[in-house]
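Trainee: Each chain is listed here by its residues.
Protein chains: 2
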Amino acid sequence: MSETPIKRPGGRSARVRAAVLDATLAELTGRGYDGLTVEAVAVRSGVHKATLYRRWGGVDGLVADVLSRSAGQPWQVPDTGSLRDDLRAITHEVYAGFTDPGHGVTPRNVILAALRSPQGRQALTAFFEARHGQAAAVVTRSVARGETPDGTDGADVVRTACAPLYYRLFVTGEPLDEPAAHRAAEAALAAARAGVFVPRRPGREDGSGDAR
Amino acid sequence: MSETPIKRPGGRSARVRAAVLDATLAELTGRGYDGLTVEAVAVRSGVHKATLYRRWGGVDGLVADVLSRSAGQPWQVPDTGSLRDDLRAITHEVYAGFTDPGHGVTPRNVILAALRSPQGRQALTAFFEARHGQAAAVVTRSVARGETPDGTDGADVVRTACAPLYYRLFVTGEPLDEPAAHRAAEAALAAARAGVFVPRRPGREDGSGDAR
Numbered sequence: 001m002s003e004t005p006i007k008r009p010g011g012r013s014a015r016v017r018a019a020v021l022d023a024t025l026a027e028l029t030g031r032g033y034d035g036l037t038v039e040a041v042a043v044r045s046g047v048h049k050a051t052l053y054r055r056w057g058g059v060d061g062l063v064a065d066v067l068s069r070s071a072g073q074p075w076q077v078p079d080t081g082s083l084r085d086d087l088r089a090i091t092h093e094v095y096a097g098f099t100d101p102g103h104g105v106t107p108r109n110v111i112l113a114a115l116r117s118p119q120g121r122q123a124l125t126a127f128f129e130a131r132h133g134q135a136a137a138v139v140t141r142s143v144a145r146g147e148t149p150d151g152t153d154g155a156d157v158v159r160t161a162c163a164p165l166y167y168r169l170f171v172t173g174e175p176l177d178e179p180a181a182h183r184a185a186e187a188a189l190a191a192a193r194a195g196v197f198v199p200r201r202p203g204r205e206d207g208s209g210d211a212r
Numbered sequence: 001m002s003e004t005p006i007k008r009p010g011g012r013s014a015r016v017r018a019a020v021l022d023a024t025l026a027e028l029t030g031r032g033y034d035g036l037t038v039e040a041v042a043v044r045s046g047v048h049k050a051t052l053y054r055r056w057g058g059v060d061g062l063v064a065d066v067l068s069r070s071a072g073q074p075w076q077v078p079d080t081g082s083l084r085d086d087l088r089a090i091t092h093e094v095y096a097g098f099t100d101p102g103h104g105v106t107p108r109n110v111i112l113a114a115l116r117s118p119q120g121r122q123a124l125t126a127f128f129e130a131r132h133g134q135a136a137a138v139v140t141r142s143v144a145r146g147e148t149p150d151g152t153d154g155a156d157v158v159r160t161a162c163a164p165l166y167y168r169l170f171v172t173g174e175p176l177d178e179p180a181a182h183r184a185a186e187a188a189l190a191a192a193r194a195g196v197f198v199p200r201r202p203g204r205e206d207g208s209g210d211a212r
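In order, the protein sequence lines correspond to chains A and B.
Residue numbers 1 to 212, in UniProt numbering, belong to the letters of the first sequence in order.
Residue numbers 1 to 212, in UniProt numbering, belong to the letters of the second sequence in order.
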């Protein structure tokens with residue numbers, strides 16, 4: 001496994017990491033970044049503070065490793081047989097993950113915490129790159145089915161489907177409801193069909209090949 | 001003018017506000033939220049600390065008022081004669097505003113600072129709602145020209161065009177370049193033409209009326 005910079009020589013180290021990251025996640029979910037301390041993670045995980053400082057450096061290292069673990073965890077990419085339903089499933093998962101407290105594997109507070117340090121932001125970029133890359137499979141399959149043009153950049157379709165949700169949740173603070181999540185999937189679908197995500201496609205600039 | 005909760009009885013009060021908000025902006029641009037203090041704003045603006053605390057409450061009130069001022073400032077909405085070029089002008093402005101240090105009226109640090117407090121986030125939501133509402137004029141005009149279907153939600157077209165840029169800049173940390181900004185405009189255009197932003201349009205669910 002190469003998803004993490006932390007040495008995982010064997011069972012005990014892996015168990016320690018799991019306990020520490022679970023504790024970090026619980027603390028972050030409960031108190032947010034401003035309330036996150038190495039002390040509280042030590043108490044909750046039963047792992048000595050000195051070990052936490054040595055392996056993770058401090059709270060920002062803990063936050064970054066929570067994200068590294070998420071990025072490395074297998075994720076069930078939807079495969080419904082149509083790009084529309086696959087994109088809807090993806091945006092629904094983002095929507096549900098941030099609005100249903102019991103659902104999210106990468107809660108809002110983890111992302112907010114990661115945004116607060118260079119180490120966290122680096123882990124966040126790697127996390128999203130991993131997710132976009134995995135989810136791009138829905139586009140690869142749709143190209144094979146003839147739903148979208150050859151050469152469509154799958155990661156960019158996924159990015160476009162998810163961006164309006166994160167924009168509302170993390171930037172503008174405008175409300176996010178399920179119709180808005182669906183609309184974001186539909187918009188990415190329409191753009192993908194129109195060839196917007198085919199790099200340097202001749203004739204795109206003047207609008208030929210677009211809808212209507 | 002109703003864009004600000006601050007009383008503006010006359011010239012002197014308005015001049016004080018301008019000096020204080022300019023100083024806040026300069027401090028934010030230079031040091032970011034973590035380095036922002038009421039003391040530094042007082043020194044830079046020449047306005048007494050007690051006045052700042054009385055009128056703005058503290059740094060979060062100052063940040064919020066910087067955004068309230070931006071939201072109330074007139075903004076030249078593009079009017080090129082085509083929705084494609086209008087949307088490209090908008091995404092180009094967002095792109096240039098965050099990547100060219102001399103260009104931005106609402107620098108990255110102002111948004112990052114606003115995200116750090118409930119007062120700031122409220123001002124940010126109002127700011128983006130104002131901008132989306134103003135920019136929606138490009139869609140109103142395109143509907144009148146017959147480029148996009150009747151009933152298209154203009155604010156949502158603009159949101160969709162801008163979201164991928166903010167997603168990269170403020171969430172994923174993936175690089176933003178000019179082609180990505182153009183692609184975001186093209187995606188919003190294709191989706192608008194396909195009728196994605198017409199609320200509850202019959203037949204949209206099953207894909208009729210979409211591109212290809």
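It is possible that part of the hints are untrue.
Reference listing, derived: stretches of chain A covered by chain B, where coverage requires no fewer than 3 residues with Cβ under 8 Å from a Cβ of chain B [to be verified]:
#1 53-65
#2 70-76
#3 120-131
Facing chain B, a subset of chain A residues (Cβ under 8 Å, in silico) [unchecked claim]:
#4 G30
#5 Y33
#6 A137
#7 Y166
#8 Y167
#9 T172
#10 D177
Derived DEER-like restraints, expressed as beta-carbon distance ranges [claimed, not checked]:
#11 B:G30 / A:A137: 42 to 50 Å
#12 A:D34 / B:Y53: 39 to 47 Å
#13 A:W75 / B:D22: 44 to 52 Å
#14 A:G58 / B:G151: 28 to 36 Å
#15 A:T51 / B:P179: 45 to 53 Å
#16 A:G30 / B:G57: 22 to 30 Å
#17 A:A26 / B:A14: 43 to 51 Å
#18 A:D100 / B:W75: 34 to 42 Å
#19 B:V43 / A:H48: 43 to 51 Å
#20 A:W75 / B:A18: 32 to 40 Å
#21 B:R145 / A:G35: 37 to 45 Å
#22 A:V43 / B:A137: 53 to 61 Å
#23 A:R12 / B:D22: 54 to 62 Å
Keep in mind that the hints were calculated from the coordinates and are not lab data.
C-beta atoms are modelled at their ideal positions from N, C-alpha and C, and glycine is treated no differently.
Trainee: Next step is simple, just say for each hint if it's right about the structure.
Mentor: We went through each hint and held it up to the structure:
1. 53-65: violated (count 0)
2. 70-76: Since three or more residues must qualify, the claim that chain B covers the segment 70-76 of chain A is violated, with 0 doing so at under 8 Å.
3. 120-131: This one holds; 6 residues, not fewer than the three required, reach chain B with a Cβ under 8 Å.
4. G30: Hint violated; A:G30 Cβ to chain B Cβ min 18 Å, cut 8 Å.
5. Y33: violated (10 Å)
6. A137: violated (19 Å)
7. Y166: Where the cut-off is 8 Å and the nearest Cβ of chain B is about 5 Å from A:Y166, the hint holds.
8. Y167: This hint holds: A:Y167 lies near chain B, its Cβ roughly 4 Å from the closest one there, short of 8 Å.
9. T172: With a minimum Cβ separation of about 4 Å from chain B (threshold 8 Å), the hint on A:T172 holds.
10. D177: violated (12 Å)
11. B:G30 / A:A137: 42 to 50 Å: Since B:G30 and A:A137 have Cβ atoms about 45 Å apart, the given range 42 to 50 Å holds.
12. A:D34 / B:Y53: 39 to 47 Å: violated (22 Å)
13. A:W75 / B:D22: 44 to 52 Å: holds (47 Å)
14. A:G58 / B:G151: 28 to 36 Å: Violated, since A:G58 and B:G151 (Cβ atoms, about 53 Å apart) do not stay within the stated range.
15. A:T51 / B:P179: 45 to 53 Å: With a Cβ separation near 46 Å, A:T51 and B:P179 satisfy 45 to 53 Å, so the hint holds.
16. A:G30 / B:G57: 22 to 30 Å: With Cβ atoms ~28 Å apart, the hint holds.
17. A:A26 / B:A14: 43 to 51 Å: holds (49 Å)
18. A:D100 / B:W75: 34 to 42 Å: holds (37 Å)
19. B:V43 / A:H48: 43 to 51 Å: holds (45 Å)
20. A:W75 / B:A18: 32 to 40 Å: violated (50 Å)
21. B:R145 / A:G35: 37 to 45 Å: violated (53 Å)
22. A:V43 / B:A137: 53 to 61 Å: holds (56 Å)
23. A:R12 / B:D22: 54 to 62 Å: holds (58 Å)
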